[in-house]
Structure formats: structure tokens, C-alpha cells
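Asker: Now for the letters of each chain:
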Amino acid sequence: MNPKKMWNTYQKEIPENNLYYARSCIRQNFFPASEFIFLDIMRNVLGKYVFDDPNHTTCTGIGYHADVVPFDTTQTVIARQFSLMTEAGLENIAVSCVTSFGLYTEVLEMWRHHPEQLERIRKFLYKATKREFNIPKSIAHTSDIMYSCKGFIAEKSKYSLINKDTGEPLRAVEHIGCHYAKMFPSNVVGGAEFPRVLAGMIESWGGQVIDYPERRHCCGFGFRNYLVQANRGYSVSNSQKKFESMKPYKPDFILTNCPGCAMFMDKWQYLIAEMEGETYDSEGKGIPVLTYEELAGLVLGYNPWDLGLQIHQVQCEGLLDKIGIEYNPDLKYADKDGNPLPLPKKPDILIQ
Amino acid sequence: MKKFGFTTAQSRSIDYDKVNTKLIKYIIENESSFSTCISCGACTATCSAGNITHFNIRRLNIQIRLGKYETIKQEIDKCMLCGKCMLVCPRGINTRNVIMLIKKGLTTLDLSD
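Chains as they are written, first to last, in this note's numbering: chain W, 1 to 352; chain G, 1 to 113.
Among these hints, one or two may not hold up.
Stated by the list, open to error - Using C-beta positions, here's what the derived DEER-type ranges look like: (1) W/Asn2 - G/Lys3: 53 to 61 angstroms; (2) G/Gly5 - W/Glu326: 40 to 48 angstroms; (3) G/Ser13 - W/Lys127: 46 to 54 angstroms; (4) W/Leu341 - G/Tyr16: 15 to 23 angstroms.
As the list claims (entries may be wrong) - Once the Cα atoms are required to be at most 16 angstroms apart in a straight line, the calculated EDC-like pairs of lysine to aspartate or glutamate come out as: (5) G/Lys3 - W/Glu276; (6) W/Lys332 - W/Glu317; (7) G/Lys2 - W/Glu274; (8) G/Lys3 - W/Glu278; (9) G/Lys3 - W/Glu274; (10) G/Lys2 - W/Glu278; (11) W/Lys247 - W/Asp211; (12) G/Lys2 - W/Asp348; (13) G/Lys2 - W/Asp335; (14) G/Lys3 - W/Asp348.
Hints in this document: simulated from the structure, not taken from any laboratory. These numbers come from a predicted model, not from an experiment. C-beta: ideal position from N, C-alpha, C; glycine also.
Chain G with its partners taken away, still in its complex shape (with noise of 0.2 angstroms):
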């Protein structure tokens, strides 16, 4: 193949037919509100974790929906638990359980495609 001192840019367009939702589905199963997010960023504002570490709910909200889960997995031990996300969140969810729900799925669940 020719050189020409560029190269093409991986396409970043998401094929919802082809993403792994097993992760999501498991989640809503369990803890319904999750599906009411807006994505509107206030849990990872007040987040105790993500003050010193790059721990960032808002990105791991769109990671599980695109079925990312190698990247989940290095993220989600970084969360305290402190629960500070839930009082904040306009929604009302229970953003606590989905922490829960995703460290359960990570390890009980049959993730691969």
C-alpha cells in the first residue's frame, strides 16, 4: 500500500447493532431509575473520587452503554461509595446501587459477545 504522509482516522460512529448490552440491560433489570439519566453530569461534579482521581460517573454511564467493559473494569474500584452523586442527582437515582450492580455484573455475569 502507498504512503502519502496521512493516514485515514478510525471511524468513532457507534453501530447499536453491533454494541454488547448485556452490562445495561442487567442493570435496569435491577435498579430501574438508571434508564431516567439525562447524562447531566452533576454526580460527577460532587464526585469525593473524582476530586483525585480521573473517576468520572457521567463517562462510565455512556462506557456501559456502548458495552466497554475493559474499561469499566479499570475505573469502577475507584469509587468510595460515599453516596454524595445520589443527593445531587435531579433524577433520583440510585446511583450507589448502580455501582453495586456493575462490580456484580463485572464478576457474575457472562459479558462475552
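Looking at chain W on its own, in the form it has when it is part of the complex (with noise of 0.2 angstroms):
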């Protein structure tokens, strides 16, 4: 086959206009200006329409892969959340977590496939709420809908991805989370096998991505090896694998669309440096983890504060000074106002 024809076949319709915003359960406490940052972007910079509603729920994802949900639940919840998108007379949903989409995505599939089983949660969500709904036109996560910007976006950037010292590109690591691009390939730009969405915006804003061996790796978040302590081990080794596999290649950051990804990557780097001795970096700092509105965040010339990335466990510091990203230390631990707040212990190994 062609490979222009071919390329064809993995790329997907994405919506960038008029959008029903669906939050993350988790991504507000961990990276708590990501989805502020997304709608700020889309809305001031880019001036696109996307309805945030409060009455939105979780999608239950955590509790349904840690068999704790039935999947009739499930289904129902996520269709009382299409009956909100109908409700504000929306067709597109933009959805902020991998978890949710590729949840949204396997309910979709299933009603496809099992009619009966929609008409079902129909009649639930009718007896439950008296709701009623649409099937969204299309899905997208909102990593789709910034690939789909990433131009619009450099054109308006204030900095480039170019160490401003050496002149060359920053090397990123890119990791799609599994729950995005492994379960329903077909809805993915570039599929299972070379998913594009963030080494897009990466080679857009002037990165380089690299590519090393275990770039598929999962992070090893997988709900239920994580919820019990005993199991951590498993979790933290899949992280522990793609750190070791991918330090000969010097990351400058890592780069992330999944909410359980950036955090594990982020915080199992304190937990091996605290268990092992071992950091990933040459200055034993540990390499930053960004989610991919953090990343537009600061070429568009954002504080770094109001990014949120003091609160990040890698701290970025030396990410900022390569791009020369300015800030003010001094504010860093600050409210709004300025006034100062408590400072966070340092860990002894994990330089900060």
C-alpha cells in the first residue's frame, strides 16, 4: 500500500470547536492548573467554545478497572454524562482523562455492538434520573485537540523548545498512556504503533523526541496494582524500567497525556531515590515530568507558577533556565497576593 494512503487509515476526526468538557478525577490534585490551563488556552488564545459544567461526575474508571464498579454502573453514569452534553445542546466531548476516553470509548463500542445493552442503560438512566441523551458525534482527548492546535499554538508561542545555550533541540520522552492509544487504535492519530499526538506537538514547538527501547512501556499505574500497598512493587518496576532504558539518552523532560502516567513517572522517581539511591538525571534531580498543557502553558510564555509546577515532585527548574523561561523564584511558594506559604521538606536524595 501507499504509505500516504496507508498513513490515511491512522488518522482520526478531531473536533476543535463547540466542546462538552469532561474533567479528570485526579489530574485538579496533582497537576492542578493542567485543565485551567487547556480551557484558557482554547477559550483566550485560540477562541473556541468549550462548556466546562459542574455537574459533570467521575466517570467511575478507578473503581471499574479495580473491579469495585459493575460495568452496568458504569455505563450508566457515563450516559448521564452524555445526557448533560445533549442537554447544553453539544455534540463533540472533550474528554481531559486517558482513563475516561478510553472508558467512553469502550462503552461506545459496546452499545455498537450490543443494542439492546444501550437500550438497556436507557431505560436505567431514564427509571434513575428521568435523562435522556444522545451518542456524542465524535470523542476526542483533549491531547487530540491540542495536536490539533499545536500549529496554531507555535505561531502564537514565546518560546521554543531550543536550549538556549547550545543552540540544539530539548530531548523529550513522549509516553501515551495505554488506555489511549492500546485499546481502540482506530480512534487514535497514528494508532497503537506510532501514536503522534505528543511527539506532534514536541517537533512543533521545537523539540526532538527520542526514541528508545521501551517507549511503549506502560508506567505500570494499572488501578489495581497500585491500590494495595503489596502490589506497589509491580507498579513502580514498570516505571522503573523505562526510567533505566531511557537515562543513556540524556531526557531533558518526559512528557505525558495520561493523568496516572505523569504522576507515577513524576513521584516513583522520589520513591526509587528514597528505596534504591537512584536517580535518572546526572545532577541526581530526577527528570521533569510535564503534562502536555504545562508544556503549551510554557511555550506560550505562562508563569511557570501559575502552572503549577512547584507542585510537581521533580521540580523544573533547570527545564526553565534551558529553555530561558524567566521567573521569579521568590514567588514560587506564594498565594495569589504574594504572601508567602509554608514551604514543602525537601527529600535528601532527590535534589531539589
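Put the two chains together into one complex; each comes in its own frame, and the hints tell you how they fit.
Answerer: Here you go:
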């Protein structure tokens, strides 16, 4: 087959406007500004309409993958989100979380193959809430939308992903969430084998993507693997495998599109440092982990402390210095009026 | 070092740059049919020794390629050289000769890294 024709089969239609926004449960705790930055960029930089509905709930993903929420319940909860979208007069749903994106896609796929199940869920939802819903015209992960808008962001960018001292592109590791690309590859730009969504952003904004042996390995999040303390060794061992594999390539930062991957690849670096004394960069500071919204915010010139980078376990000043981003170290831990906040305790091994 | 109530597992990934290949090279030099093995496991399924012990030729094949000589030494004497594995091998590999070469290699070759 003609390679160009073949590549077309790996594309998806991504709506960029009139979106119903479904937030993540955990992102606002660990990456507190990411969702705000997405909405701010979409609305105020790109001029799109995105409806952020305070009435929507969890998708039940964590409970579902931990075997405590039955699939019927999950489908009914997701049907309720669709009913809220229908009520808002919208047809396209933009999902912030990779777990939710995978689950929404799974539910729609289930209904496509089993229409009788769709009818059951319609009845369940009506019985419980008197609500009705339309099936969304399209489901996009917010990284898809950011990927689709990467050119506009590049045009409006203040900084490039270039080392200001050497003039070389920054070396980035991109990590795609498993539930984004591996469950339903046809719903992903580039499919499961060649997902372009993060690589495309990095390259458009001036960076260089590193291809390393364990690039497509899972981060280890795995729900049941981390929910039980005794099982967390499975989780951290997966991340460690990736860190060891990427270390020789000396990445400047890691970019992810999944809340779980970003959280664990950031926090497990601290854990491995404390458990085994190992860090994966040359200075013992760890490899910074960013979400795609934070990266977009950085290139657009947002204040790094407004992006919430100080909340990360691995601190980002080294990366900011490489790009040449200006920041005020005195305002790193300060409230909105500039008053100092209590300082977090610093680890001994993963130095800051 | 701090304790968190769980530990990391040792990586099971295979680094082929570090694997000791002396025995596998010796076997293939002397029984070239062994290089055509597809690890189907027919030999193991029919193995007489495998019925009464945990002897497993398919696993042995992998251990030879990984250079795990201590495990092979413990396993190899379980083979009774009946030759049933030769009859079922879809690639026609002389598995009995492979077993003999393993025994010979373990005693005559310098297998140190």
C-alpha cells in the first residue's frame, strides 16, 4: 500500500470547537493548573467554545478497573454525562483523562455491538434520573485537540523547546497512556504503533523526540497494581524499567497525556531515589515530567508558578533555565497576592 | 534507605550484549539443524522424562540461548536419550545429538564469561 494512503488510515477527525468538557478526577490534585490552562488556551488564545459543566461526575474508571464498580453502573454514569452534553446542546465531547477516554470509547463500542445493551442503559438512566441522551458525534481526548491546534500554538508561542545555551533542540521523551492508544487504536492519531499526538506537539514547538527501547511500555499505573500497598512493587518496577531504558539518552523532560502516567512517572522517581538511591539524570535532580497543557503553557509564556510546576515532585527550574523562561524564585511558594506559603520538606536524595 | 512496604522487582529484560553464547555457538557449529528450532514444544510434549520429572527441552533451549549453565547442569541428566522427541520434531532436528552436545560442551568447554 502507498505509505501516504496507509497513514491516512491512522488519522481521526478531531473537533476543535463547541466542545463539552469532561474533567478528570485526579488531575486537579496532582497537576492543578493543567485543566485550567487547557480551557484558558482554548477560550482566550484560540477563541473556541468549550463548556465546562460543574454537574458532571466521575466516569467511575478507577472503581471499574479496580473491580468495585459493575459495568452496568459505569455505562449508566457515562450515559448521564452524555445526557448533560445533550442538554447543553452539544455533540462533541472532549475528555481530559485517558482512563475516561478509554472507558467512554469502550462503552460506545459496546453499544455499537450490542444495541440491546444501549436500550437497557437508556431505561436505567430514565428510571434513576428521568434523563435522556444522544450518542456523541465524536469523542476526542484533550491531547488530540491540543495536537490539532499545535500549529496555532506554535505561531503564538513566546519560547521554543531549544536549549538557549547550545542552540540544540531539547530532548524529550513522550509517553502515551495505554488506555488512549492501545485499547481502540483506530480512535487515535497514529494508532497504537505510531501515536503522533505528543511527538507532534514536541516537534512543532521545536523539540526533538527520543526513541528509546521501552518507549511504548506501560508506566505501571495499572489500578489494582497501585491501589493495594503490597502490589505497588509491580507498578514502580514498570516505571523503573522505562527510566533505566531512557537514561542513556539523557532526556531533558518527559511529556505524557495520561493523569496516571504523569503522576507516577513524577512521584516514583522520588520513591526509587529513597528506596534505592538511584536517580535518572546526571545531576541527581530527576527528569521533569510535564503534561501537554503545561508544555503548551510554557511555550506560550505563562508564568511557571501559575502552571503549578512547583507542585510536581521533580522540580522544573533546570528545564526552565535551559529554555530561557523567566521566573521569580521568590514567588514559587506564594499565594495569589504574593504572600509566602509554608515551604514543603525537601527530599535528601532527589535533590531540588 | 527508606521502607515503603513494597519493593521493586528485578528486571527480566534480556540484554543480548551480555548473554554468554559460547554453548549455543558450539551446539549450532556441530548440529546446525538446532538453529531452525521454532520452540513449538512438541519435543517437551512427547518427552518420557518430562512425564515423570520436570525436565523440559523447550525451556532448556531457551536457557542455552540465555547462557544459564548452572540450571542446565542440574536438568540435563534427567534425559534418558529415548529419542521420541526426534520423531515428533516438525523441523527434523536431531535433538538427541543436541543433548549429547550440551553434555559434552558443559564438561569440555571453558564457559566462563
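Asker: Is the straight-line distance between the alpha-carbon of G/Lys2 and that of W/Asp335 16 angstroms or less?
Answerer: Roughly 32 angstroms separates the two Cα atoms, so the pair is violated.
Asker: Checking one constraint from the list: CA of G/Lys3 to CA of W/Glu276, max 16 angstroms. Satisfied?
Answerer: Answer holds: G/Lys3 to W/Glu276 is near 10 angstroms, not above 16 angstroms.
Asker: Would the pair W/Lys247 and W/Asp211 pass a check requiring their Cα atoms to be no farther apart than 16 angstroms?
Answerer: holds (12 angstroms)
Asker: Straight-line Cα separation of G/Lys3 and W/Glu278 no greater than 16 angstroms?
Answerer: Answer holds: G/Lys3 to W/Glu278 is near 15 angstroms, not above 16 angstroms.
Asker: Please work out if W/Lys332 and W/Glu317 have their alpha carbons no farther apart than 16 angstroms.
Answerer: Roughly 10 angstroms between the alpha carbons, so the hint for W/Lys332 and W/Glu317 holds.
Asker: Per the hint of 40 to 48 angstroms, is the separation of the Cβ atoms of G/Gly5 and W/Glu326 within bounds?
Answerer: holds (42 angstroms)
Asker: Taking 16 angstroms as the top limit, are the C-alpha atoms of G/Lys3 and W/Asp348 close enough?
Answerer: Since the Cα atoms of G/Lys3 and W/Asp348 sit roughly 15 angstroms apart, the hinted pair holds (cutoff 16 angstroms).
Asker: Given the proposed pairing of G/Lys2 with W/Glu278, does the C-alpha separation stay at or below 16 angstroms?
Answerer: Satisfied, since the Cα-Cα distance of roughly 13 angstroms is no more than 16 angstroms.
Asker: Quick one, are G/Lys3 and W/Glu274 close enough, alpha carbons at most 16 angstroms?
Answerer: Holds - the C-alpha atoms of W/Glu274 and G/Lys3 are around 8 angstroms apart, at most 16 angstroms.
Asker: A range of 53 to 61 angstroms was offered for this pair. Does it hold for the Cβ distance of W/Asn2 and G/Lys3?
Answerer: holds (57 angstroms)
Asker: Does the alpha-carbon distance linking G/Lys2 and W/Asp348 stay inside the 16 angstroms limit?
Answerer: holds (11 angstroms)
Asker: Within 46 to 54 angstroms or not, the Cβ separation of G/Ser13 and W/Lys127?
Answerer: Distance hint for G/Ser13, W/Lys127 holds at roughly 51 angstroms.
Checked against the numbered hints above, the structure violates hints 4 and 13; every other hint is satisfied.
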